[in-house]
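Student: Construct the entire structure; sequences and hints are all you get.
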Amino acid sequence: MLDVLRILEQDGRVPAAEIATRLGRPLEEIQQALAEIEARQLIVSYGALVNWEKVSDDRVYAFISVEAEPEHGRGFDTVADHISRFPEVHSLYLMSGTADLQVVVEGNDFRAIARFVAEKLAPVPGVRSTSTSFVLKTYKAEGRLLAESGGDHRLAVTP
Amino acid sequence: MSGPPRLSKMVQNLPPSGIREFFDLVIGMDDVISLGVGEPDFVTPWHICDAAIAAMRRGMTSYTSNLGLMELREAIAADMQRRWGVAYRPETQIIVTVGVSEGLDLVMRALLDPGDEVIVPEPCFVAYRAAVLMAGGIPVTIATREADEFRLLPDDLEAAITPRTRALLIGYPNNPTGATMSREDLLAIAKVCSEHDVLVLSDEIYALLTYEGQHTCFASLPDMYERTLVFNGFSKAYAMTGWRLGYACGPEYLIDALNRLHAYTVMCAPVSAQVAATEALRHGDGDMQRMVAEYDQRRRLFVKGLNDIGLPCFMPRGAFYAFPRVGHLGLTSKEFSRRLLFEQKVAAVPGTAFGACGEGHLRCTYATGMQQLKEALDRMGRFVDTLRQEGASAAS
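Chains as they are written, first to last, in the numbering used here: chain A, 1 to 159; chain B, 1 to 396.
The set of hints was computed from the structure by calculation and includes no laboratory data.
For each residue, glycine too, the CB sits at the ideal point set by N, CA and C.
One or more hints might be untrue.
Derived DEER-like restraints, expressed as beta-carbon distance ranges [stated by the list, open to error]:
hint: 1; chain 1: B; residue 1: G391; chain 2: A; residue 2: D3; range: 23 to 31 Å
hint: 2; chain 1: A; residue 1: V135; chain 2: B; residue 2: N307; range: 42 to 50 Å
hint: 3; chain 1: A; residue 1: D3; chain 2: B; residue 2: T92; range: 41 to 49 Å
hint: 4; chain 1: B; residue 1: V266; chain 2: A; residue 2: L2; range: 43 to 51 Å
hint: 5; chain 1: A; residue 1: E53; chain 2: B; residue 2: Q389; range: 46 to 54 Å
hint: 6; chain 1: B; residue 1: R20; chain 2: A; residue 2: I37; range: 45 to 53 Å
hint: 7; chain 1: B; residue 1: N307; chain 2: A; residue 2: Q32; range: 23 to 31 Å
hint: 8; chain 1: A; residue 1: E9; chain 2: B; residue 2: A143; range: 43 to 51 Å
hint: 9; chain 1: B; residue 1: A392; chain 2: A; residue 2: V14; range: 46 to 54 Å
hint: 10; chain 1: A; residue 1: G75; chain 2: B; residue 2: N307; range: 36 to 44 Å
hint: 11; chain 1: A; residue 1: P15; chain 2: B; residue 2: Q389; range: 51 to 59 Å
hint: 12; chain 1: A; residue 1: G75; chain 2: B; residue 2: D285; range: 36 to 44 Å
Pairs of lysine-lysine, DSS-like flavour, derived with a Cα cap of 30 Å [unchecked claim]:
hint: 13; chain 1: A; residue 1: K54; chain 2: B; residue 2: K334
hint: 14; chain 1: A; residue 1: K140; chain 2: A; residue 2: K54
hint: 15; chain 1: B; residue 1: K334; chain 2: A; residue 2: K140
Tutor: Below, the structure written as structure tokens:
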């Protein structure tokens, strides 16, 4: 099961038959594992890692550190749930350190994000303060280098 | 005017590497998928490069002792003990060399007088025979067969031994076949070597790339510690080919002999590579295991693919090579690889580059990205179809 997840984490398009060959397992076993993986939502969805900086420049990301007021018995869950439902929010984490929540926000331009912070995020009940940092360039995302790789430097034939 | 100075008879008689010849063909061609390389497609893990860079920043740029940095030799000793259960004293029984290739050259020069023989089972790494020839020795080759899973058989070894035999040179897991030898297989070989007092030079550079069964270090076999020189290095398991770093472990008198030659030949291996290798041994397990797991998946996919397109392939258990049969399609290995290159732009090395008994086979490296392997299989499949059609129209 772990091996299947690792393969799909690298390339979500690998068919079951190829996974079976690569791992040296019977196809039925892999199909069963995939059914279980999907039933238990171990894989939440199959997507693509798009390098939007190459596609267009009308997409901007910001990392926002949020200090929030914890709630008796629920900690930060209520405020986090509230924030996570905005479609502008790309990801949201509960953090150790000075800030309580780390919000990654996606917008068409800097102004859209500024508006989102001022008009939607800051007024959320329980949000005490926000500190916004804009992403200027992405070097690595989801474990993949996005900068041009060095390429294959090997000679074509070696001993 | 009398031409350039005469070269030594040894060099005049040294055959060019069959790989070099093929390499010249590939140069200048575009869109070639290369299955012709004897090295990983991964780059050296970053923490290893980083350790070397940091050492340069600290000013570690000088010679080391001839045998190599003591901390590296200590790390090698610990590794030999931990992985293979063989104990070597870092002070006197380990020498750090410029790749296993240098170690092989040193040992041949240390052992051989003109006319002495070294037994070399083939197919094998291209430098084995040359190392013997360069030292004035005579390589006595033994052909291993696919039917025996390219293992060396004790009877064949015994038949090759003469009064001039000084050593047996073996490399398992094997380049180019991917064959491995089990502990039982090796015990039978050890028995023959022991009876005939033959030294064993065991190149175990692919030891960590063993996918089925357990690798056995030759020196760990009963009675073999004193008559075995083990060669290993960092190129394959840690993706460090360009760093050119290997080592040899063995009896003190042999390491001392190697060191005398080594000190005059290269003084010491490059210090930055030695620092990198120390880091690889100390903290490289995780990266190494990830790479090995990836090779293993490619191995299964690629070998199944070869069998599916009609190139029957023995299942390699180690290294990162597949050695499919191509002879049944009516071409020699050389013709097959040449036409495969020109017609489908896939580079693979003819089996004959690794010994005459490699005829009828092709060496394909699967240390290549999964997508490229699939594309290579498609192209090779088309080429096999072409050859079959040619065969059919010739027959009708």
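Student: Hint says 42 to 50 Å; check whether the CB-CB distance for V135 of chain A and N307 of chain B agrees.
Tutor: Holds, since V135 of chain A and N307 of chain B (Cβ atoms, about 48 Å apart) stay within the stated range.
Student: Taking 43 to 51 Å as the hint, is the beta-carbon distance of V266 of chain B and L2 of chain A inside that range?
Tutor: Roughly 45 Å apart at Cβ, these two residues keep to the hinted range, so it holds.
Student: When you take the CB atoms of A392 of chain B and V14 of chain A, is the distance between them in 46 to 54 Å?
Tutor: 36 Å, violated
Student: When you take the CB atoms of G75 of chain A and D285 of chain B, is the distance between them in 36 to 44 Å?
Tutor: Between G75 of chain A and D285 of chain B, where Cβ atoms are some 38 Å apart, the hint holds.
Student: Measuring from beta carbon to beta carbon, are E53 of chain A and Q389 of chain B in 46 to 54 Å?
Tutor: Once the Cβ atoms are compared, 48 Å apart, the range 46 to 54 Å for Q389 of chain B and E53 of chain A holds.
Student: Using the Cβ atoms, figure out if G391 of chain B sits within 23 to 31 Å of D3 of chain A.
Tutor: 41 Å, violated
Student: For the range 23 to 31 Å, tell me whether the beta carbons of N307 of chain B and Q32 of chain A fit it or not.
Tutor: For Q32 of chain A against N307 of chain B, whose Cβ atoms are near 26 Å apart, the range 23 to 31 Å holds.
Student: Given the hinted pair K334 of chain B and K140 of chain A, is their alpha-carbon gap at most 30 Å?
Tutor: Roughly 44 Å between the alpha carbons, so the hint for K334 of chain B and K140 of chain A is violated.
Student: For G75 of chain A and N307 of chain B, compare the CB-CB distance with the range 36 to 44 Å and indicate the outcome.
Tutor: Given range 36 to 44 Å: violated, Cβ gap about 57 Å.
Student: Range first: 51 to 59 Å. Now tell me if the beta carbons of P15 of chain A and Q389 of chain B are that far apart.
Tutor: 30 Å, violated
Student: Holds or violated: K54 of chain A and K334 of chain B, Cα atoms, limit 30 Å.
Tutor: Violated, at roughly 44 Å.
Student: Starting from the hint 45 to 53 Å, judge whether the C-beta atoms of R20 of chain B and I37 of chain A obey it.
Tutor: 49 Å, holds
Checked against the numbered hints given earlier, the structure breaks hints 1, 9, 10, 11, 13, 15 and satisfies all the rest.
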